[in-house]
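Chains as they are written, first to last, in the working numbering: chain C, 1 to 289; chain U, 1 to 256.
FYI, nobody ran anything at the bench for these hints, they're computed from the structure.
Even glycine gets a Cβ: it sits at the ideal position worked out from N, Cα and C.
Selected chain C positions facing chain U (in silico; Cβ < 10 Å):
hint, residue
1, E184
2, I189
3, G190
4, M191
5, H193
6, R195
7, R199
8, I200
9, P203
10, Q204
11, M206
12, F278
13, R280
14, G281
Derived DEER-like restraints, expressed as beta-carbon distance ranges:
hint, chain 1, residue 1, chain 2, residue 2, range
15, U, S153, C, R276, 20 to 28 Å
16, C, G270, U, K78, 51 to 59 Å
17, C, G270, U, E133, 35 to 43 Å
18, U, E130, C, V153, 47 to 55 Å
19, C, Q231, U, E86, 51 to 59 Å
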Amino acid sequence: MTLSSTAPIDANKYEIAHLELVPKRHIGRMVAAAVVLLLLAALVRAFSVGQIEWSYVRDFMFAPTIIAGLGNTLLMTVAAMALGIVLGVVIAIMRISGNPVLSSIAVAYVWIFRGAPALLQLMIWFNLALIFPTMGIPGLFEFRTVDLMTPFVAAMLGLGISQGAYTSEVVRSGLLSVDTGQYEAARSIGMTHMRMLRRIVLPQAMRVMVPPIGNEVIGMVKLTSLASVIQYSEILHNAQIIYFANTRVLELLLVASFWYLIVVSVLSVGQFYIERYFGRGVKSIRSSV
Amino acid sequence: MTSEIIVKAVDVSKRFGNFLALDKVNVEVKRGEVSCIIGPSGSGKSTFLRCINLLERMDGGAIWVSDELVGYRRDGNKLHEISDSEIARQRRRIGMVFQRFNLFPHMTALQNIMEGPVQVMGETTKAAREHAEMLLDRVGLGDKKNHYPSELSGGQQQRVAIARAMGMRPELILFDEPTSALDPELVSEVLDVMHDLASSGMTMIVVTHEMGFARNVANTVTFMEAGKVVETGLASKVLSTPKNARTAAFIQAVQS
Ligand SMILES: Nc1ncnc2c1ncn2[C@@H]1O[C@H](COP(=O)(O)OP(=O)(O)OP(=O)(O)O)[C@@H](O)[C@H]1O
Ligand SMILES: [Mg+2]
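Just chain C, with the same shape it has in the complex (with noise of 0.2 Å):
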């Protein structure tokens, strides 16, 4: 901005491609760096001296009470989530659908089952039989309710409804953001509307929807520790089994930490894969800037 400036231009001022290049060194970074590794050693070595028999942590880790409980712990996020996702999609359907009533009882089921906590619903479907002793259609067949609600059928309800009314507002979310040029060329090509949400919009929805979800099934998998209260054999009911009879408790529950963490590092890997399925024949964010 020095217009009136009358200083002669030096003209080896403009030649400097022969200079050498400095990167900015950064000092704050490598400061912050040393610190976390300081402080990291500090916790290993906490651990290290501290009273925790590592022997016992290695012993069960694959105990097959520790195991089956993994295998039950899978097992019930398969089964609550897959109920979760089911109802998900049909409750933000019934949502979207411009029928009042169905989107009436929409509202009210996402209203009741978010705003009560998990363990709680948990807990209410496992005691269902104090009051209503026996279920089913009269006369056509009728079950104890101490039957059918075993632990892992009042599990999978409680933490499947529940799931159910958080995933509604994730299918929608991701129903909400296909345009509706995608609505309007699948009427156009003669698809009726349940054909439409199968074809067009659900697989378009899905690239919206997939990393909230893989976020949903990574908390069912921990979620589903709630279980081990109302007695399913879960990996966290198993490993307090053991603890309750060797009174090595931290040592358990280092082995059902690990076994978590195992399992939440394989799901991360898996939902990197289904991510890039459905975004397929849409350029990635990533590689176009």
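Use these hints to put chain U with the ligands onto chain C, whose structure you have.
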């Protein structure tokens, strides 16, 4: 040219709230005819087109496509709304090409064209693929069949969209400003495909601002303004010697 009427719209009206978007529109299109609808922005051209294939519900009047009443079934003195699946069946005969292409982004060009024939018409995958490949060749995109829409230019996407409409073997194709979203240098490749389609005898209703296309290809031209048909007639007459002063002013304005 036969004089069989394919589209007949009688007193079609449509309101959005208090706003009258269509005010007793009457249009008639014969088989094999290319009919252009022109008019200023907001005059109701798109709304009328969308009433023909029930993307919009009309509030009054009636439309027949190939002698079948659109959207209703007559029962004595009453008109009953038809079901979702019957509406879907009526739409199969009517192709539509949108301003913004609206190709399915998760499907390749070929899959976009095959989707309707396979899923809706129940054609075999093999037959649908052969037909789709033939159509892609016809719009000059035989080598792009495995490309996703995001890998195609606007003009190429619109040509795939035209092929998708043709894949349903419709009796009629509606075009809503098919070249308005395109860069100027891509307009002619789409118009060429439409010209070729018109020569093959396809019945087309085209909302457009391309006066050259209207002049060279259209048989009839309808000028709309404020939800009303102001003037309609043979393309050569309406475009060169319009009777109505407003039609003349509009044509003057878009051509300069
Ligand atoms: N869904 C809607 N809700 C309310 N008003 C609408 C809706 N769709 C269209 N309109 C109004 O109806 C009128 C006619 O719209 P239409 O899209 O048919 O015009 P057009 O002739 O196609 O204009 P353009 O050349 O800009 O595409 C406009 O004034 C528009 O604002
Ligand atoms: Mg329009």
